[in-house]
Amino acid sequence: MRTMAPPGHVRTPFYLRGKHGVIERALGPFPNPEQTAYGLPGEARDLYRVRFTMAEVWGEAAENPDDLLEAEIFAHWLEPLDDSHAP
Amino acid sequence: MPHDHPDDPFHHEGISPSGHPYRKDDDTPLSYWQCMEIAVRELLIEKGVTTPAEVAAQIEAMDARSPANGAAVVARAWVDPAFKARLLADASAASREMGFDIGTLRLIAVENTPQVHNVIVCTLCSCYPRNLLGLPPDWYKSRAYRSRVVKEPRKVLAEFGVTLPEDTTIRVHDSTSEMRYIVLPMRPPGTEGMSEAELAALVTRDSMIGTGLPRRPA
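Same order as they appear, the protein sequences are chains A and B.
Letter by letter, the first sequence follows residues 1 to 87 in this note's numbering.
Letter by letter, the second sequence follows residues 1001 to 1218 in this note's numbering.
Next comes chain A alone, as it looks inside the complex (with noise of 0.2 Å):
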């Protein structure tokens, strides 16, 4: 995930800013919420359940590293990675 934090109304979660995760389902095109929340016409962009392993997210902190977390991302937050970083 990309590690951007642009002004406005935004559906990315800070915690998940720069972690890496693997796509569970693309869930197709959908305005896009960051021009819509202002009364634009959203430009249509892909979104994606990511799934992330709690280690990922939470490093050492993690309460159990093996249990997940799935949230909504859309294209644009996103960036391929190298095989080896994949969880």
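Keep in mind that the hints were calculated from the coordinates and are not lab data.
Backbone N, C-alpha and C define an ideal beta-carbon position, used for all residues, glycine too.
Hints are supplied without guarantee of correctness; some may be wrong.
[To be verified] Only some residues are given here: those of chain B computed to face chain A with a beta carbon under 8 Å:
| hint | residue |
| --- | --- |
| 1 | Leu1124 |
| 2 | Lys1155 |
| 3 | Leu1157 |
| 4 | Ile1170 |
| 5 | Arg1171 |
| 6 | Ser1177 |
[To be verified] The calculated SDA-like cross-link candidates involving lysine to any residue, where the alpha carbons are at most 20 Å apart (straight line), are:
| hint | chain 1 | residue 1 | chain 2 | residue 2 |
| --- | --- | --- | --- | --- |
| 7 | B | Lys1155 | A | Pro65 |
| 8 | B | Lys1151 | B | Met1194 |
| 9 | B | Lys1141 | A | Val10 |
| 10 | B | Lys1155 | A | Ala55 |
| 11 | B | Lys1151 | A | Thr53 |
| 12 | B | Lys1155 | A | Met1 |
| 13 | B | Lys1151 | A | Ala61 |
| 14 | B | Lys1155 | A | Ala61 |
| 15 | B | Lys1155 | A | Pro80 |
| 16 | A | Lys19 | B | Ser1147 |
| 17 | B | Lys1151 | A | Pro65 |
| 18 | A | Lys19 | A | Met1 |
| 19 | B | Lys1151 | A | Gly39 |
| 20 | B | Lys1151 | A | Tyr15 |
| 21 | B | Lys1084 | B | Lys1047 |
| 22 | B | Lys1155 | A | Asp66 |
| 23 | B | Lys1151 | A | Ala55 |
| 24 | B | Lys1151 | A | Ala62 |
| 25 | B | Lys1151 | B | Gly1161 |
| 26 | B | Lys1141 | A | Thr3 |
| 27 | B | Lys1151 | A | Glu60 |
| 28 | A | Lys19 | A | Pro80 |
| 29 | B | Lys1151 | A | Glu43 |
| 30 | B | Lys1155 | A | Asn64 |
Starting from the known structure of chain A, arrange chain B on it as the hints suggest.
This is chain B only, laid out in the frame that chain A set:
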């Protein structure tokens, strides 16, 4: 009159004659957003976009939705494997198939198994499958639940009375965007031969959020 207090009719403190502590009236000024809501609503009515009756009818429709709707869906999935497959493939379509008017709700059902236990949260606000389950419980919207369940779900579940085996994986679903979620809990043992309606009575609201388990048959 029994409710008059001749000693001090305006300042109620301590315990009332009926034994309840007095509470202050809720006499705070309207907040910015409350004023905004009233202004927008009055404008929409003035301009003929909507009517007070329509607003009241929508509130009634929302209040009429309850976890019983979700419980009926879960019970159907327990007794009908083909329906369960359709529910897991497209929970919105499966709910509509049962006659529930869920509007534009995009619903995903996530299945609990002996290996996986699912829990739902919305860390950003309070996204909840309202169109199927009705209004969320207050704790679902609390900062404590929203911030803790993504970090220490086992501790939070234990506080709800749910302790899972260590080798059960917990999958926490953060409803960050367009989808809403419902947990399909495991059918409790000892329910063989129960009717769909009897099974639905075992399905609690919390079992569909993942913070509880279905009731055991009496």
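Now for the hints, and whether the structure bears them out:
1. Look at B:Leu1124: its Cβ gets to within about 6 Å of chain A, closer than 8 Å, so that hint holds up.
2. For B:Lys1155, the suggested interface contact is upheld, since its CB lies about 7 Å from the closest CB of chain A, less than 8 Å.
3. The interface hint given for B:Leu1157 is violated, since its Cβ lies 11 Å from the closest Cβ of chain A, which is over the 8 Å cut-off.
4. At about 4 Å, the closest approach between the beta carbon of B:Ile1170 and any beta carbon in chain A falls short of 8 Å, and the interface hint on this residue holds.
5. About 5 Å separates the beta-carbon of B:Arg1171 from the nearest beta-carbon of chain A, less than 8 Å, and the hint is met.
6. Restraint check, B:Ser1177 versus chain A: the minimum CB separation of about 4 Å is within 8 Å; hint holds.
7. Only pairs whose Cα atoms come within 20 Å are accepted, and B:Lys1155 paired with A:Pro65 is accepted, the gap being roughly 14 Å.
8. With a C-alpha separation of about 38 Å, the suggested pair B:Lys1151 and B:Met1194 falls outside the 20 Å cut-off, and the hint is violated.
9. Using a Cα cut-off of 20 Å, the hinted pair B:Lys1141 and A:Val10 holds, with the two alpha carbons roughly 19 Å apart.
10. Restraint check: the Cα-Cα separation between B:Lys1155 and A:Ala55 comes to about 16 Å, which is no more than 20 Å; the hinted pair holds.
11. Annotation: proposed proximity of B:Lys1151 to A:Thr53 holds, straight-line Cα distance about 11 Å (limit 20 Å).
12. A hinted pair counts as satisfied when its Cα atoms are at most 20 Å apart, and B:Lys1155 with A:Met1 does not qualify at roughly 27 Å.
13. A hinted pair counts as satisfied when its Cα atoms are at most 20 Å apart, and B:Lys1151 with A:Ala61 qualifies at roughly 9 Å.
14. A C-alpha spacing of about 13 Å is found between B:Lys1155 and A:Ala61, which places the hinted pair at or below 20 Å, so the restraint holds.
15. Taking the CA atoms of B:Lys1155 and A:Pro80, the gap is about 34 Å. The hint is violated against a cut of 20 Å.
16. Proximity of A:Lys19 to B:Ser1147 is assessed by CA-CA distance (about 18 Å); at most 20 Å being required, the pair is judged to hold.
17. Distance restraint check for B:Lys1151 and A:Pro65: the Cα-Cα separation of roughly 10 Å lies within the 20 Å cut-off, and the hinted pair is therefore satisfied.
18. Between A:Lys19 and A:Met1, the direct Cα distance comes to roughly 5 Å. Compliance with the 20 Å bound is thereby established for this hinted pair.
19. The straight-line distance between the Cα atoms of B:Lys1151 and A:Gly39 is roughly 34 Å, outside the 20 Å bound, and the hint therefore fails.
20. Restraint check for B:Lys1151 and A:Tyr15: satisfied, since their Cα atoms lie roughly 10 Å apart, inside the 20 Å limit.
21. Restraint check for B:Lys1084 and B:Lys1047: the C-alpha separation of about 46 Å exceeds 20 Å, so the hint is violated.
22. Distance hint between B:Lys1155 and A:Asp66 is fulfilled; the C-alpha atoms sit about 15 Å from each other, no more than 20 Å.
23. A hinted pair counts as satisfied when its Cα atoms are at most 20 Å apart, and B:Lys1151 with A:Ala55 qualifies at roughly 10 Å.
24. Pair hint B:Lys1151 plus A:Ala62 holds up; C-alpha atoms about 7 Å apart against a cutoff of 20 Å.
25. Under the criterion of a C-alpha separation no larger than 20 Å, the hint pairing B:Lys1151 with B:Gly1161 is consistent with the structure, at around 18 Å.
26. Restraint check for B:Lys1141 and A:Thr3: the C-alpha separation of about 26 Å exceeds 20 Å, so the hint is violated.
27. Our distance criterion of 20 Å between C-alpha atoms is met by B:Lys1151 and A:Glu60, whose separation comes to about 12 Å.
28. Between A:Lys19 and A:Pro80 the alpha-carbon distance is near 12 Å, which keeps this suggested pair within the 20 Å criterion.
29. At roughly 33 Å between alpha-carbon atoms, B:Lys1151 and A:Glu43 are farther apart than 20 Å, so this suggested pair is violated.
30. Straight-line distance between C-alpha atoms of B:Lys1155 and A:Asn64 comes to about 11 Å, which keeps the hinted pair within the 20 Å bound.
Of the numbered hints stated above, those contradicted by the structure are hints 3, 8, 12, 15, 19, 21, 26, 29, listed in ascending order.
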